[in-house]
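Numbered according to my numbering, the first sequence terminates at residue 399, and the numbering increases by one at each position without gaps.
What the hints contain is simulated information worked out from the structure, not anything from laboratory work.
It should be emphasised that the depicted structure is a prediction, and the values quoted were computed from it without experimental measurement.
C-beta: ideal position from N, C-alpha, C; glycine also.
Wrong hints could be hidden among the right ones.
Below, in silico cross-link-like pairs of lysine to aspartate or glutamate (EDC-like), each with a Cα-Cα straight-line distance of 20 angstroms or less [as the list claims (entries may be wrong)]:
id, residue 1, residue 2
1, LYS289, GLU362
2, LYS289, GLU384
3, LYS289, GLU354
4, LYS349, ASP298
Here are the in silico distance ranges between beta carbons for each label pair [said to hold, decoys possible]:
id, residue 1, residue 2, range
5, GLU366, ALA342, 27 to 37 angstroms
6, PRO322, ARG375, 16 to 26 angstroms
7, TYR303, ARG353, 13 to 23 angstroms
8, GLU354, SER290, 29 to 39 angstroms
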Amino acid sequence: MAAPCLPGAEPRAATSSPLATREPFGTPTNFGFPKSVRILRTSDFRKAYNEGKRFTGRCFAAFCLRVPRESDDGPRLGFTVPRAFGRAVLRNRAKRRIREALRVRLPEVAPEWDIVINPRRPAIAAPVEELRREVDRLVAQCRKQ
RNA sequence: CCUGUUGUACGGGUGGUCGCUCGCGGGCGAGCUUUACUCGCCGGCGGGAGGAAAGUCCGGUCUCCAUAGGGCAGCAUGCCGGCUAACGGCCGGGGGGGUUCGCUCAAAGCGGAUUUCACGGAAAGUGCCACAGAAAAUAUACCGCCGGGGAUUCGUGUGAAAGCUCGACAUUCUCGGUAAGGGUGAAAAGGUGCGGUAAGAGCGCACCGCGGGCGGAGCGAUCCGCCUGGCAGGGUAAACCCCAUGCGGAGCAAGACCAAAUAGGGGAGGAGGGGCGGCCCGCUCCGUUCGACUCCCGGGUAGGUUGCUAGAGCUUGGCAGCAAUGCCUCGCCCAGAGGAAUGAUCGCCGCCUUUCGGGGUACAGAAACCGGCUUACAGUCCAGCAGGCCCA
RNA sequence: GGGCCGGUACCUCAGCGCAUAGAGGGGCCGAUUACUAAUCGGCUUGUUCUGGGUUGGAAUCCCAGCCGGUCCG
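Let the hints inform the model, and build the full structure from the sequences given.
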């Protein structure tokens, strides 16, 4: 493979960050994931589960809730992995892989969304391309206009 | 050299890109009159999972409840000595059991190697011991053996006979002696041998075992020797229990501070209630006028800071000790998150495997912190032991 | 961070030191019926979760482990 990573998803995202220098094999740059864009409160999780729109894939289920916000610190993201999913190593791996796949696409999502992700078992071993495809479908639903 | 096993050390390396979190110092901006301080943004440097972080089976540190106090109950531990902050852990020693080898004709015994043991008490008491067996815990009825007496039958002597005398390899009754033997059973009231006897028996003797005493060695468990007693008396305490020792209870969601939330709203009960745990005592706080506390209705907050990581810490060298470990010394700072970071992805190299396309690379993720134990684990290094092959 | 409970046939369970480890359901075979269901008769099945230990003897007692469930803060 001459250009092994990111066949389709990468180029237009990079344009939104003028300071980023383009690396030859780089994934999109300049997309942090600080605490301010994470869902941290139990009440926020509750609301997303009860009122959010459900989006189901093979590797995860997502609950998306449109929240009116005056400031533009959205969109926000949260993860829930139950104990029944597996041991701690597996829970962490599933969560981290989905988070990284979604992190680089976050600027495309409209800021008014709260998204809660429930990973599923296949996310532990699924190839990266499959994860990116599912993230594509999720982002398409919550895209910025 | 290969395989197995036990212990020990390690448990992929390197580079690119994009992130997360903590710390350090820098620039810019804002709050403030300025310093200080706080907040935001930007880029820089440094740290960032384990040997088991796991299971939560033990022990502690720490915090609050009284400076953690007395008794009962409960739980745990249980040969001896040492180590340790402590332990149910570790080290060393003793004793018992198993396996194996040697001495020996063999057994017993002795010695070596290896392995294993929750190894206080069954002469404080209670319970239980199926089946089999005469008997399963008080030892003694039964069978058997032996002796005395009687009856039957037969024989013998005498006699006319009845009967009497003596005897028997027989059958049976009765009185007594005895505990050697009695198919069993996991276990049978010391064992073996000789003597002894009507038959027998520690009845006597020798050796072994056991109890008691004395002496010696050892800190001690215990070992060795001598004297003495004919023998105490089954097993089971991972059955109840007894003895000794230890344990107060809860746990970082412990606990402390700040902010927010207010009204001590309405109603009913009410002399006791809380700290306090299974119970009692004791201590302490609040209350019986101004009403503690409990219940119901209604309402509010469930955010931040701290505890939070420099420690029974790691490491270099030396000394003491058989060792566990301790002491001295050189150097080091090594995660502190909080819906929970420590990652994702792409190369190259290493290792294993291959049907030459490739595939695989263990067990596993800190949650206040330490010391153990246990369990999981691809592969690699070293050492010990066992087995096999090759060379000399 | 703590407490408690369970694991026995394919399933649901009983059994509390001396059993050939049972019951119900299921399954299989046969009878009945034109056929099926129901009914009746017979048969089938255990590493008692695993590994040690105590005992003469363990599903049962003790220890360790594995798995599952549940409760409290």
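Cβ distance range 16 to 26 angstroms for PRO322 and ARG375, holds or violated = 35 angstroms, violated
query = Could one say that the CB atoms of GLU366 and ALA342 fall in the range 27 to 37 angstroms?
reply = The hint (27 to 37 angstroms, Cβ to Cβ) holds, given that GLU366 and ALA342 are roughly 34 angstroms apart.
ask   = Going straight from one Cα to the other, do LYS349 and ASP298 come out at no more than 20 angstroms?
value = Holds, at roughly 19 angstroms.
request  = Return holds or violated for the Cβ distance of TYR303 and ARG353 against the range 13 to 23 angstroms.
outcome  = Given range 13 to 23 angstroms: holds, Cβ gap about 19 angstroms.
query = In this structure, is the beta-carbon distance linking GLU354 and SER290 contained in 29 to 39 angstroms?
reply = 18 angstroms, violated
ask   = Regarding the pair LYS289 and GLU354, is the alpha-carbon distance no greater than 20 angstroms?
value = 15 angstroms, holds
ask   = Taking only the CA atoms, is the gap from LYS289 to GLU362 under or equal to 20 angstroms?
value = Holds - the C-alpha atoms of GLU362 and LYS289 are around 19 angstroms apart, at most 20 angstroms.
task = Would you mind confirming whether the straight-line C-alpha gap from LYS289 to GLU384 stays at or under 20 angstroms?
result = Judged against 20 angstroms, a Cα distance of about 27 angstroms means the pair is violated.
When each numbered hint is compared with the structure, violations occur for hints 2, 6 and 8.
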